[in-house]
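**Student:** Sequence:
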Amino acid sequence: MVANALWGWLNRWKKANWQRRGKPIWAAEIWQDIAARVEKLTVKVRHVDAHVSKSQANEEHHNNEQEDKAVKVKVSQVDLDWQHKGEVFLACWAHDASGHQGRDATYRWARDQGVDLTMDNISQVIHNCETCSAIKQAKRVKPLWYGGRWLKYRYGEAWQIDYITLPQTRQGKHYVLTMVEATTGWLETYPVPHATARNTVLGLEKQVLWRHGTPERIESDNGTHFKNSLINTWAREHGLEWIYHIPYHAPAAGKFER
8 MVANALWGWL NRWKKANWQR RGKPIWAAEI WQDIAARVEK LTVKVRHVDA HVSKSQANEE
68 HHNNEQEDKA VKVKVSQVDL DWQHKGEVFL ACWAHDASGH QGRDATYRWA RDQGVDLTMD
128 NISQVIHNCE TCSAIKQAKR VKPLWYGGRW LKYRYGEAWQ IDYITLPQTR QGKHYVLTMV
188 EATTGWLETY PVPHATARNT VLGLEKQVLW RHGTPERIES DNGTHFKNSL INTWAREHGL
248 EWIYHIPYHA PAAGKFER
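Residue numbering for the sequence shown follows the working numbering, starting at 8 and increasing by one per position.
In short, the hints are calculated from the structure, not lab data.
Hints should not be assumed to be uniformly reliable.
Once the Cα atoms are required to be at most 30 Å apart in a straight line, the calculated DSS-like pairs of lysine-lysine come out as [what the hints assert, rightly or not]: (1) K213 with K30; (2) K234 with K159; (3) K213 with K92; (4) K21 with K92; (5) K92 with K159; (6) K234 with K213; (7) K92 with K30.
Computed beta-carbon distance windows for the label pairs [said to hold, decoys possible]: (8) K30 with G109: 16 to 24 Å; (9) E244 with H134: 38 to 46 Å; (10) S140 with R218: 19 to 27 Å; (11) D127 with K159: 42 to 50 Å; (12) A104 with Q26: 14 to 22 Å; (13) K21 with D127: 26 to 34 Å; (14) K234 with N135: 33 to 41 Å; (15) R44 with Y251: 50 to 58 Å; (16) N24 with L209: 39 to 47 Å; (17) H201 with K159: 30 to 38 Å; (18) P31 with R218: 31 to 39 Å; (19) S130 with H219: 24 to 32 Å.
In this text, all values refer to a predicted model and were calculated from it rather than measured experimentally.
C-beta: ideal position from N, C-alpha, C; glycine also.
Using the sequences and the accompanying hints, generate a full structural model.
**Tutor:** So, in structure tokens, the structure goes:
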């Protein structure tokens with residue numbers, strides 16, 4: 008990616024005001040700094056004919072031939088391996104930064120950030136993702152509807168949220184904020200190291216508000232990560248109703264505790 012950027016992407020990004028498809032490229036400030044440094048470098052290039060007969064070849068031609076051979080050996084042994092590692096690293100970053108979404112959603116998210124990934128690399132990352140594996144094992148959500156309780160709400164207007172505990176992953180994630188859309192049972196998740204009010208707000212903003220719009224109603228138990236001044240202020244500022252039910256009481260908790 009760095010080689011491609013230095014070879015041709017920098018100029019295109021700069022002309023497009025450091026955007027791609029109308030959106031800011033990933034790590035724009037870093038690329039701007041690289042572009043500024045490259046402009047200050049003096050690069051001298053001298054052309055040496057690559058294909059000449061041995062009788063016409065001089066010392067420069069022989070040196071060029073030897074360097075070509077050495078570079079080809081190193082490329083075959085090193086470059087491809089490092090290129091793959093770099094692509095997998097970017098896929099891992101995109102999968103984590105996008106909220107541990109599926110393959111197609113991770114691909115679209117990365118593309119919107121100006122990063123082109125392959126489906127194979129994304130699939131490899133998701134297959135090896137400890138957080139996704141832990142979520143699948145710990146998830147205990149069953150979409151239940153009863154008594155017409157949610158009939159007055161349209162999609163995205165009412166959510167039930169809770170935290171579930173995970174075996175701690177290598178990234179230090181020990182909890183998952185689970186958010187269930189009340190009318191359909193659609194599930195959103197947000198892995199975090201600690202169940203706190205701040206992480207609750209961040210999870211709701213990234214996984215609910217940004218994707219589904221601002222809801223009218225949120226239900227949760229009355230744990231300290233839900234019932235506090237930060238949550239109260241945030242809910243009031245967004246004009247939504249936050250309902251607390253008795254923790255671990257199945258009739259009240261609905262989609263989570265049953």
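**Student:** In ascending order, which of the hints set out earlier in this document are inconsistent with the structure?
**Tutor:** 5, 16 and 18
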